[in-house]
Amino acid sequence: METAAHEQHSAPLALEIEDLTVAYNSKPALWDVDLQVPEGVLMAIVGPNGAGKSTLIKAALNLIPRAAGDVRFYGKSYAQARDLVGYVPQRGSVDWDFPTSVLDVVTMGLYGSLGWFKRPGKKERETAIQALDQVGMADFAQRQISQLSGGQQQRTFLARALVQEAQLYFMDEPFAAVDAVTERAIVVLLQELRARNKTVIVVHHDLQTVPDYFDYVTLINVEVIASGPTSTIFTDDNLKKTYGGRVSNIGGDLLLAVGD
Amino acid sequence: MSELLREDRRVWLLIAGVIGLFALFVPFSAAAFGVNYDYTLRTVALGGAVLGIVSGVLGCFAVLRQQSLMGDALSHAALPGVAVAFLIAGRELGVLLIGAGLASWLGIRFITSVTRTTRIKQDTAMGITLAAWFAMGVALLSYIQGRPDASQAGLDKFILGQAAAIVQSDVQLVSVVGLMTIFVLALFWKEFKLITFDPEFAGANGFPARALDTLLSTLIVVAIVLGLQLAGVILMVGMLIAPAVAARQWTHRLGQMAALSATFGAFAGATGAIISAVEVGLPTGPLIIVVASLIVIVSICLAPERGLVWTLWRQRQDRQKFAAQNILEDLYRHALGHGDVYFPTPDVLLVGLRGSTARTGLQRLEREKMIVKHGDNWVLTEAGIINATAGTHESNVAQNNVQNSPLKPETILAGAK
Chain S
1 METAAHEQHS APLALEIEDL TVAYNSKPAL WDVDLQVPEG VLMAIVGPNG AGKSTLIKAA
61 LNLIPRAAGD VRFYGKSYAQ ARDLVGYVPQ RGSVDWDFPT SVLDVVTMGL YGSLGWFKRP
121 GKKERETAIQ ALDQVGMADF AQRQISQLSG GQQQRTFLAR ALVQEAQLYF MDEPFAAVDA
181 VTERAIVVLL QELRARNKTV IVVHHDLQTV PDYFDYVTLI NVEVIASGPT STIFTDDNLK
241 KTYGGRVSNI GGDLLLAVGD
Chain R
1 MSELLREDRR VWLLIAGVIG LFALFVPFSA AAFGVNYDYT LRTVALGGAV LGIVSGVLGC
61 FAVLRQQSLM GDALSHAALP GVAVAFLIAG RELGVLLIGA GLASWLGIRF ITSVTRTTRI
121 KQDTAMGITL AAWFAMGVAL LSYIQGRPDA SQAGLDKFIL GQAAAIVQSD VQLVSVVGLM
181 TIFVLALFWK EFKLITFDPE FAGANGFPAR ALDTLLSTLI VVAIVLGLQL AGVILMVGML
241 IAPAVAARQW THRLGQMAAL SATFGAFAGA TGAIISAVEV GLPTGPLIIV VASLIVIVSI
301 CLAPERGLVW TLWRQRQDRQ KFAAQNILED LYRHALGHGD VYFPTPDVLL VGLRGSTART
361 GLQRLEREKM IVKHGDNWVL TEAGIINATA GTHESNVAQN NVQNSPLKPE TILAGAK
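As given, the protein sequences belong to chains S and R, one line each in that order. If you're matching positions, the first sequence starts at 1 in our numbering and goes up one per residue. If you're matching positions, the second sequence starts at 1 in our numbering and goes up one per residue.
For reference, chain R alone in the conformation it holds in the complex (with noise of 0.2 Å):
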């Protein structure tokens, strides 16, 4: 129980450190940089912040799925729509990110089809389908923007996002939007963590598991079309799972997962938006991702049990302990060669036997209290006699020499004063 208490506290902790790190992050920049927090930036950073909430929850669910390369194939396949749409109906956002959806939708249909009607391999069908899919909006947009038309201005800015871009009105629609994404995600929990776990058990009690596989592929494309304007159809994927694989380093736990992967979007989102937004011309959608791949990266080093630095440490541990159980029998062999388990060994011997470990090796048994100096020479204490053999037949061998031997430490102590 105190271990679950411990990861819960973690991650609460984590999650207010990171909203700690934008709190400071806003007037750093303010006065490092001049950056000047008006009502635009203030726009477009509660935009990057809502996108990230919904990327980075749903994202959790495509990781858990290992579909994140759906999500790639799915964020390329939709910038055709965006053209599309743009030709039919004009430069409103909540229409062309329509036509992004429907595109994607098609794709996934496309890679399906393809994968069930021939011998084509699903990762081939994705490669295939996102290049196509891609080509046709490249050449789609140079299109357009070849027209004597003002109104297209900015289009080309899906494939790599622009938040500059963001108005108010954008960001009521993606946050609106949003919200009732992760208000379908919130009732259909339970369901859908069944249908990540365990789909065939889901189906054997009665959910529909084919229906809500196709729901909650739907909310993922929702999320991946409400962040193709600030992130671009290059860099969405990313968006999407960087947190997702940031918050799994932490937590043991799919509601935790979740409740970290928006936090390490949202920042990721808001602070990637507001540094483009800043300087001129840099583009959003690779800010995001550098920022989110940071917070991956100090996770995958840091993290408790699974990060970098936690293992490295543990082998350390454990070489450690192993060396020094070496040398601990070492001496055992040392002293009952020469007739007494209790007789001194030579420092000299030891590091000769086991090189550098050695060092390390002693002094760890020494503040282990398993053995004692003594002059130039090592002696056993009962506890690293008995260490020595625990676990093998010699062991009630030990215990008697132990008992029997004529040499004990306070005699060889006294004699080396």
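With the rest of the complex left out, here is chain S (with noise of 0.2 Å):
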């Protein structure tokens, strides 16, 4: 696998893993976890519930503690490569009746790079704007973020990790429950990043659009159980071992079979 990996993309590693091990209450959510994600591609994290998906972009970003492992950012720790790194947390993660506006939210991704203390002025306001166009939420700015559809405060979320001008982004669920034109509109932009070399990583759930929307693709289950690029790592067979045999592929339509 790691060498399916090398030889596919001569590009350098955007994040690479090492025996990474969560535990919650001492029962494993993540489990000797070896990834390594090439520049520029766009992947998919794709498992069953519980298999720690979340668990793996966390774990990463040093949101929740590692019971062991090591994980590289352009072959740099965290810290020395934050900048380098966006992140888009699940939106049920928030209480969206916090007294803010759009345009204040996507302004917090700018918080890191202004430091301590400094206010965001002007500047930063022009900047959060703009990528709120890019998202199609030019005209919400101003709206109470309590006014927002869900696929609204999806793009939202977007437009905050956008506005950090990362070159390795997290996304956790974007295409969660959202509409058509969210939808859309993620997709739209997952391959503007990509066209700009960027390099994007997203939970998914949806298994029938990951050939469509993504070149790269990690299954896991608790243990990583494939990884490399869509075309060669996405089968059947694969498919079989993540999910325990309960999905079957009818006619290139990839079915989840109900109970076992």
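By construction, these hints were calculated from the structure, which means they are not laboratory data. Please note that the accuracy of each hint is not assured.
Claimed, not checked - Only pairs whose alpha carbons sit at most 25 Å apart, straight line, appear in this in silico PhoX-like list of lysine-lysine:
no.: 1; chain 1: S; residue 1: Lys27; chain 2: R; residue 2: Lys121
no.: 2; chain 1: S; residue 1: Lys123; chain 2: R; residue 2: Lys190
no.: 3; chain 1: R; residue 1: Lys190; chain 2: S; residue 2: Lys118
no.: 4; chain 1: S; residue 1: Lys27; chain 2: S; residue 2: Lys240
no.: 5; chain 1: S; residue 1: Lys27; chain 2: S; residue 2: Lys241
no.: 6; chain 1: R; residue 1: Lys190; chain 2: S; residue 2: Lys122
no.: 7; chain 1: R; residue 1: Lys373; chain 2: R; residue 2: Lys321
From these two lone chains plus the hints, build me the complex, please.
Here is the structure:
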């Protein structure tokens, strides 16, 4: 698997994970994960519920403690590479009734680069509006965030990540329960990011769209089952290994079977 | 943009209004109740206002972080600290408050460790801690009061608060510490906003989320402890959260919420302290909370967009609109049933069909020029016909019906005369 990744892409590695293990209450959520993601790919992380997809992202970003393992971003530690990494959390993780505007939320993406004590000014606002424009939300800049639909919330979060001008993006379930317009907007955005040689790692649920949206895929179920280009890795066989034989491929359509 | 400006203006007007109300309250209370604004009373009022500002601003964060109950546990947990500090160092406000702060802090540590290490949930852990710490405090106070020592007088006032006991040095102390608290809050404003809204994102951006979290909690503890002498351990939580809850109803911006909350807090603190200082024996805490709760009630009722009155009004509008649309469609169907969209429909038919809603619906439609009255009958106008079928597949048919109608409203109306 490791060698496959190297052969396919001679580009430098955007993300390299070695022996990552995470445990919740002494039950492993991730077991001995090795992962190599070349620069410039759109990668889906796919696996059943409780497979550790979000945990993988959070552990890589030091948001939860690791039991073991090392994570490198462009060969650097997270502390050194922080400016290179952007993060889009699950939109359900925040209180959308918080008293603030869309523009304000997007500006939060610049807080890290502003540093301590400095307040965002005109320049930051302009950057934020540009990012909102990119996700088709420029008209909503002054809108109170509680008035947004689920898709608009997601696009606000994407804009907040865009202003970070990162090289490597982690997105946790951006396609979860969004409208068709938003799904389209996210896909276009992902392609733009790839065109600019950015690397995007997306936790994804919808198996059917994986081959359309992503050129790289990691199948995970506590352990990494397989990882590499979608064309070679996203096979019926690997999916069965990941989902425990509960996936069948009928006429090119992937279906999740009910029960075992 | 105009929407935003309107909201800005609303908040500043409200702040000016509250200040104006206080400016009226002072001469009114002096004239009507003979309140004498002497040096002591001014000191007490100032103390109340300063505490109201500090707890109002920090209360916003307590409310937004959903830690209101934690605030309650914290203030109750402070009581044994007051008693122990008195036993060790005597009756010096600064020392008593340090004792209160330490006891509160131990209370939080206890709640957190119980939640982490056992299967007991946080609300239960808070309930246990609150009761245990408070019981210890009451027991210690009883013991202290049983001692033949005059200096303990008034220590029990920490339970319900007593503004009359506040002297100028106390006000100086709470002002200095309170201003320092607000200064730290202003310094870390951006960071506190970020960890309150999205702690994960803050962590991913290199902010030490846990340390900031601890700092913000500490500031909230300081605000609670400062207010104990005035509001008392039982009701301090009200002074912390009531102004913030009221302010939240009026605005969608954190900065404005904090400014408004500070104003409400200052008003409640000052007026509550004045009333209680005048009538000897009235505890201050309950009075402040009564004033603050009134502000909350008024805000929940009247605030635009979130307020009850506003919501009820909008629901009424929606209902009327819906009723009017139903009647419009009744008219259209009835007219069409008679072969022409301009065929008149008897008033009694509609009232019989729709009951009491028919009257308001018909008035609304007439006002909007969708229908015209014709003797005891109603006739659709062209706009009415278009609206009766708007959004349905019938709308094209309706257009044709309008064009093909041999009856025109003019002829019908002319016939009526």
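How the hints compare with the structure:
1. S:Lys27 / R:Lys121: Within the cut-off at roughly 21 Å; holds.
2. S:Lys123 / R:Lys190: holds (16 Å)
3. R:Lys190 / S:Lys118: With a Cα-Cα distance of about 8 Å, the restraint between R:Lys190 and S:Lys118 holds, given a limit of 25 Å.
4. S:Lys27 / S:Lys240: Since the Cα atoms of S:Lys27 and S:Lys240 sit roughly 23 Å apart, the hinted pair holds (cutoff 25 Å).
5. S:Lys27 / S:Lys241: Since the Cα atoms of S:Lys27 and S:Lys241 sit roughly 21 Å apart, the hinted pair holds (cutoff 25 Å).
6. R:Lys190 / S:Lys122: Holds - the C-alpha atoms of S:Lys122 and R:Lys190 are around 15 Å apart, at most 25 Å.
7. R:Lys373 / R:Lys321: holds (19 Å)
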